[in-house]
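One line per chain: the protein sequences are A and B, in this order. Just so you know, the first sequence maps onto residues 1 to 197 in full-length UniProt numbering. Just so you know, the second sequence maps onto residues 1 to 1021 in full-length UniProt numbering.
In case anyone wonders, no lab produced these hints; they're calculated from the structure. Everything numeric in this text was worked out from a predicted model, so none of it was measured. Backbone N, C-alpha and C fix where the C-beta goes; we use that ideal spot for every residue, glycine too. Hints may be right or wrong, so weigh each one.
Derived DSSO-like pairs: lysine-lysine, alpha-carbon spacing no greater than 27 Å straight-line [said to hold, decoys possible]:
#1 B/Lys-988 x A/Lys-173
#2 B/Lys-343 x B/Lys-366
#3 B/Lys-950 x B/Lys-870
#4 B/Lys-972 x A/Lys-191
#5 B/Lys-600 x B/Lys-624
#6 A/Lys-173 x B/Lys-1010
#7 A/Lys-191 x B/Lys-571
#8 B/Lys-511 x B/Lys-571
Under 8 Å between C-beta atoms, here's a sample of chain B residues computed to sit facing chain A [claimed, not checked]:
#9 Ser-592
#10 Tyr-596
#11 Lys-600
#12 Leu-993
#13 Asp-994
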Amino acid sequence: MDADKQNANPTILSLSDLPSRRRESNVRRRDDGGTGLFDDLIPQYSYLNDPFEQPLSSSDSDDGSVEDIDEQEVFDLISSISDPEHPLSLGSLAVVNLPDIHILPPSSPYSSISTVVVEITPTITHCSLATVIGLGVRVRLEQALPPRFRVDVRIKKGTHSTDEAVNKQLGDKERVAAALENGTLMGVLRKMLSTCE
Amino acid sequence: MSDTQQFLLDYDRNKREASQVAQKSATRLADGDLKLLTLIEELGEYFNSEDGAIRAKAMAYLAEVLGFVPQKVLSLQQRNLLCDFVLSRTEDSEGIGSCAKALLTLEERGKWDSGKVQDIMETLLANTSPLRQYKQQSERYPLLRLIDALLAKYRDALRTLHDSKPDFLSRFIAYFDGEKDPRNLMVVFSILRVPMTEWNIGADAQDLFDAVFNYFPITFRPPPDDPYGITAQDLKDRLRECISSTSDFAPYAFPTLLDKLDSTSMNTKRDVLQTITTSVREYGPRTVSLYSITLWDALKFEILNVQEEDLAEESLEGLAAIAQTLSKGTSGPLNAYLRPIIKECNEHLEDAPTKQSQAAARILSKLANVSPHVTNLLLAGILPTMLTLFQAADSMGKRRGLLEVLVQLIKANTDVYGDWRSTGSAGAAPPNNALVEFRDQALEVMLHGLETSPINNVSYRLVCVDGLVQLSKVRQLLSEEDIAKVIQLLHAIIIHEESFGKDEVKESAIKSLVEIAHQKPQVVVDKAFPAFMSQLPDKDDGSRGYETVLEAFAKLASEEKVFDTVILRLKNKFSAAVTSDASSGYIVALLSAMLYALTKGSSKLEQDPNTSTYYQDIVLPLLKRISSTDSSHPKTFDEETTLDLVGRISNIVIRSQSTEQQEGITSELYTLFRGTPQAGLPPFNISAPSDAHKTMIVSTHLLASLHKETRLPCEIELLVSSLANYTQHPDLSMRVRSASLRQLSLAINKFYSTTALKTCMDPLMNAPFELFSSEKLDPPRIRVIFSCLKGILLRSSPILAKLYPHLLDFLSHPKYGSAIAHGFSTLLQPDDLLTKQNHCQISGLHKQKTFALLVPNITQAFREASPETKPNYLIALAGVLRWIPFDMIIEEVPTLITLLLQSLDLKGEDFVKEAAIGTLTSTLLEKPEVVQEHAGSLISRLLATSVANKEAPTPPRVRAAACRCLMLVPEKLKLEVVLPYRRQVCRKLTAALDDGKREVRSAAVRCRAKWLEVDEAGDDD
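Starting from the given sequences, assemble the full structure and let the hints guide the process.
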C-alpha cells in the first residue's frame, strides 16, 4: 500500500499561508481603522421596510466595475485539485504556486486570445505522476476558463528529471486528446477534480 | 375423531386450526376431562409409526398441548415423567425442534435440579450433535433456545459438568459447528460467551476461539424487508463481545486480527480495529503488555498513512485504549509501550511540518489525554527534543509545525489537569504536572515568537497566540505575573500593531483575551483594561484611532465575568467625553460600543433584572440629556442616528425589568422629561415644533421594551388613531416616519386584548378615515395598512381573513397595484423590534396562517388577472414566499411552479427573481420530481438569467444564484431528462465563464463542471 507511493511524506503548507484574494490589500480598508463591528447595530433593512423605498442593496455589487480574471483566480481554480497520491490539495503541497502562474495579454491588438501559463512543481524530481497532474490542471482550466484563453501547462524548469519530455507531452494537443480517451486515466482525473470548488 | 387425529389432519392444512385443537386438549387436561396418561397412550401409536412425518407431528402436538397447559396443573411427578419421555424421543431425529420446545415449556412450569439439567445436556450432546445435521433452521433454533435457557438459569450445574468431565467442553464446542443462520448465530454467540467468560477453558481456548472467530469478519447483509430485523451490526457486536471476553484468547486473537488488518476491504479493517480496541480494554494490563508493541507497530501505519479518516480515528482509539489498560498495571509495561512511540514521534518531528509530523501530533495528543501519568511520560520524552529542534530550526515553517504539536500537547494537558475554573479528568487532586518543568521555556519561546516575528508571518503568529492562551488556561500552571505578560502582549497587538492582511492575528488576540478573561477575569481587568482606557481620550483630537480599541474593548463584554466592568468604564468614558465637549463622531462611537457590549451581555441582564442598576446609572441620565438644554446635551443628540442608539440602549435595559419597574418610565414615554404636557407633543400633536418629532425614534424603542401588561400613558385607541394620522404627515423625515409606523405595529401587537383585536381596525376602516377605500388610496395610507397588518398577523388573529381580501383586491388597483404588490414582502419580513424579547405576541403559526390566507388566493387571482396586472401578483407571491420556510411551502409547490418560472421573465424585478430562484432551488433539493416535467423551461430560463444581458440587466447576485440553481439540475433530475440539454447548457455557460464579476464566474465554473460530468456518468451505465 505504501511502497507504491512515490513520495509518502510530503511537506504540507498551512492553509492560512496559501495566497488568497481576501488577504490582499484590495480588501476595502476602512479609513478609521475599525472593522465595521458597530455598523450593524442599527439594522439596515428596518429603514427599507417600506413599499415605496425600492431596496438599494442590489447596487452592492453593481455592474459598473469589471473584475478581470487574474492569476489569483487561476490559482483558486487549480489549487483545490487533489494530488493523485494524497488526499491533499495541489495548493497545500506547493505543486501549484501563485508566482508560477502568468496571464499573457493578447499578442496583437486584433486578437482577443490571452494565454495562461502555469508552471507546476512536482513534490519530488522523479515523480512519474507529474504528467497526470499537468493533465489535470490543463483539463480543469480548459473547462473553467472562457474560450478566449489558451492554456499552457508545463513543469517548472529544473524541478523534474525529465521535465522537457513531460512538457512535450503536455503541449502536444493530439497526445492530450488521446490521453483523455483513456478510461482509466479519466477516472484518475475525475477523482482529482472532484475536490475542486 | 380424537383430538390427536384432528390435530394431525389440520397440522399441514391450517396451522391456526391445529393450534386451536391443541388448546382444546390442554383445557380438557386442566379440567380433568382428559387424563395425561390417556393422552400419552393415544400418542403412542403415532410415535411408533413408520412414517417420520407422523412422528414429528405427534411431537409437535404434545409440545403445543403442554404449551397451552396452565401453570401448576402438572404435578412434579408428571413433569418428571414427561421430561424423561420427551428426552427419550430425542433419539429420533424427527420432530427434534418440538422436543426442544416441549422441554422448554416443561422448564417454565417447574425448576429442574442440577442432575436433571446435566442429564438433559448430556443427552442432547449424545443424540443431537452436531447440530448442523438438521437442515431446517426451525428445528435447530428451539434447541439453541433450550441450551441458552439452560445456561442462563443453571450455570452452576453446567459448570460442574464441565469441571468433572474433561472432554465436555470440546464436545460442547463441536455441537455448534457449521451454524450459518444469522438468527441462530445470535444465540450461539451468546451461549458460547458463558464458557468464555466464566469457565476455566484451558486447553480448549483455541477451539473455543476458532468456533467464533471463523465468522470474522461478518459480511452478512440482511435480505430486503427482513422480518427478523437482525442486522450485520448486531452480529458484529455479539461476535466482538465473544472475542474480547477472555484474555485467554489473546495469543490467537491479536495475530489473526493483525493479519486481517492487511485486508483491502475497508469494512474488514474497520471491524478489526474496533475489535482490537474492545479486546485491549477487556484483556487486562498483563496480557496487553505482551502485545502492546506489536499492536503499535501495526496501528501506527493507519495513522501515518491515512486511508480513511475513520480508520485513523479508530486506530488512535486503539492506541489510547492500550495506554489506558496499561495504566492500570505497573509502570514498567507502560514505559515499554510509550518508549518506541516517543522515539518514533521524535523522529517525525525532525522534518516537521509534514504529513507524518501532523500524524505524530495526533498520536501524541490522543495518548496524552489518557491519564496524568501518560501525559507526564510523553511530555518528558517529547518536549526536550522538540525544544532543541525548535532552537535549531532553520525555517519558520518548521517552527510552526513544532509549535502546533506543542499546542496539541498543552490542550491535552488541560483536558487532564483542568483549567482554572474546572477540574480535568484527573480530578481535584491530580499528581504533579510535568508541564511545570517546561512552562518557562514554552512560555518564553511563544512570547518571543509572537513578539519578534514579522507581522506577515501570519500562521506562525497564530500558533503562538493559540499556544499562549492554552498555556494560560492550564490549571495552576502559570503565575498571575506570567499570565499578565501574555495579556500585555495580546493587548499590545490589538492596540498598537499596524493592520495586516485579514488581521487574523488581531482578531485571534481579541478572542484569546476574552478566553483568558473567562479564566482569570481580575488579571485581565487589572492589566488590559488600563491599557485600553489609556488609548481612549476624554476629548478626541479628530483622528479616529480609537475605533479599533473601542471595538476590541466592547468585544470583551461577551465574557460574563468582566461585563459589568466593561459597561462601567464605557459609561464613565462617555460622561467624560460629553463634559469635555468631544466630537460627535467620538460620542457616537462610545454609544455604539456601549450598545454592542449590552447586546453581548443581554443574557446576563435578563438573569438578574432586579440587581441591575443600569436603569438609574445609564438609561435615565441618557434620556435626560435628550431634553436638557445646557452643556449636558451634546450636539449629536439632535441627530437621528444618535437618538436611535440611545433608544436601543434604553430598550435593552428596560425590557428586562419587571412590569412594576417599567411603570416608572411609561409616563415619560412621549414627554421624555421635557416637562411639557403630552398632548402638545407628537404623535398627539402633528403641528408640534419640528425638533420634537425626532424623539419619536426614542419613544419607539421605549414602547418596544414594555411588557404588554404595562399601562400606557393614554388609551390604546387614542394612541393608534393618533399614530395613524401622524404617520401621514408629509414633512416627517424617513427615519421618524418609519419609527412611527413601527410604533403603530407595536401598539397593535402588544396592547390590544384578543377580543379587542378583532375590532381594532374598525375605527380606521369606517368613515371618516376609510382606510380600505380604493379612491382614497395613496402612499401614506398604504404604509399605514401594512404597519397595522404586521402587528395583527403576528398574533394570527381570525380578523385577518376579513382584512387580507382588501389587500388582494388592491393588487389590481390601476395606480398603486404595483406598490401594494411590493409591500407584500414587508408583511413577514423579520423585524428587530417586533420580537419575543420585546414582549411581542408572536404566534408560532403566524407564517402558516398568512401563507394559507394569501398564496392560494394569489395563484387563483393571477389566472384571472389582466396581462398588465399579472406581474403584480407574481411580485406579491415572491414577497410572501421569500420569508416562509420551504417545508411549509412544499405541499403547494406543484401549483406554484409555473408562476415561479414566469417570475423569471419579469423585467427589472431583481428581488422577485432572486426569491423565485431561491424557491426553485429548494424545490430541486427537496422535491425534484415536481420540477421534472418543467425541466426544459426551467433550464432555458435559468440560462437566460445567468448570462449578463445589456437589454435586461440582472445584478451579479441574481446571475450567480441562477448558476447555483442550474448546478442542482443534473444532480437532482433523472439522467434521461437532463441529458438532451447538456450540450446547450455547456455551450451557453461559456458566456457566464467570462462574466465581468468573479462571483458569477465561480458559480458558473462549478455549474459547468457538474454539467460536463453528466455524460461521463452516462458512460458508466
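Regarding the pair B/Lys-600 and B/Lys-624, is the alpha-carbon distance no greater than 27 Å?
Roughly 25 Å between the alpha carbons, so the hint for B/Lys-600 and B/Lys-624 holds.
Under the criterion of a CB-CB separation shorter than 8 Å, is B/Asp-994 in contact with chain A as hinted?
Result: holds, 4 Å to nearest chain A Cβ.
Quick check on the hint: B/Tyr-596 CB to chain A CB, less than 8 Å?
6 Å, holds
Would the stated hint for B/Lys-600 survive a check requiring a Cβ distance to chain A of less than 8 Å?
11 Å, violated
For B/Lys-511 and B/Lys-571, compute the direct alpha-carbon distance and say whether it is at most 27 Å.
The hint holds at about 23 Å.
Verify the proposed pairing of B/Lys-343 with B/Lys-366, using a straight-line Cα cut of 27 Å.
Satisfied, since the Cα-Cα distance of roughly 16 Å is no more than 27 Å.
Would the pair B/Lys-988 and A/Lys-173 pass a check requiring their Cα atoms to be no farther apart than 27 Å?
Roughly 24 Å separates the two Cα atoms, so the pair holds.
Does B/Leu-993 meet its interface restraint, that is, does its C-beta lie within less than 8 Å of any C-beta in chain A?
Since the shortest Cβ distance to chain A is 4 Å, the answer is holds.
Distance restraint between B/Lys-972 and A/Lys-191, which requires alpha-carbon spacing of 27 Å or less:
Holds. B/Lys-972 to A/Lys-191 sits at ~21 Å (cutoff 27 Å).
So if I understand the rule, the pair passes when the alpha-carbon distance is 27 Å or less; does A/Lys-191 with B/Lys-571 pass?
Judged against 27 Å, a Cα distance of about 59 Å means the pair is violated.
Given the hinted pair B/Lys-950 and B/Lys-870, is their alpha-carbon gap at most 27 Å?
OK: B/Lys-950 and B/Lys-870 at ~25 Å, within 27 Å.
Take a quick look at whether A/Lys-173 and B/Lys-1010 sit within 27 Å of each other, Cα to Cα.
24 Å, holds
Violated hints, in rising order: 7 and 11; the structure is consistent with all others.
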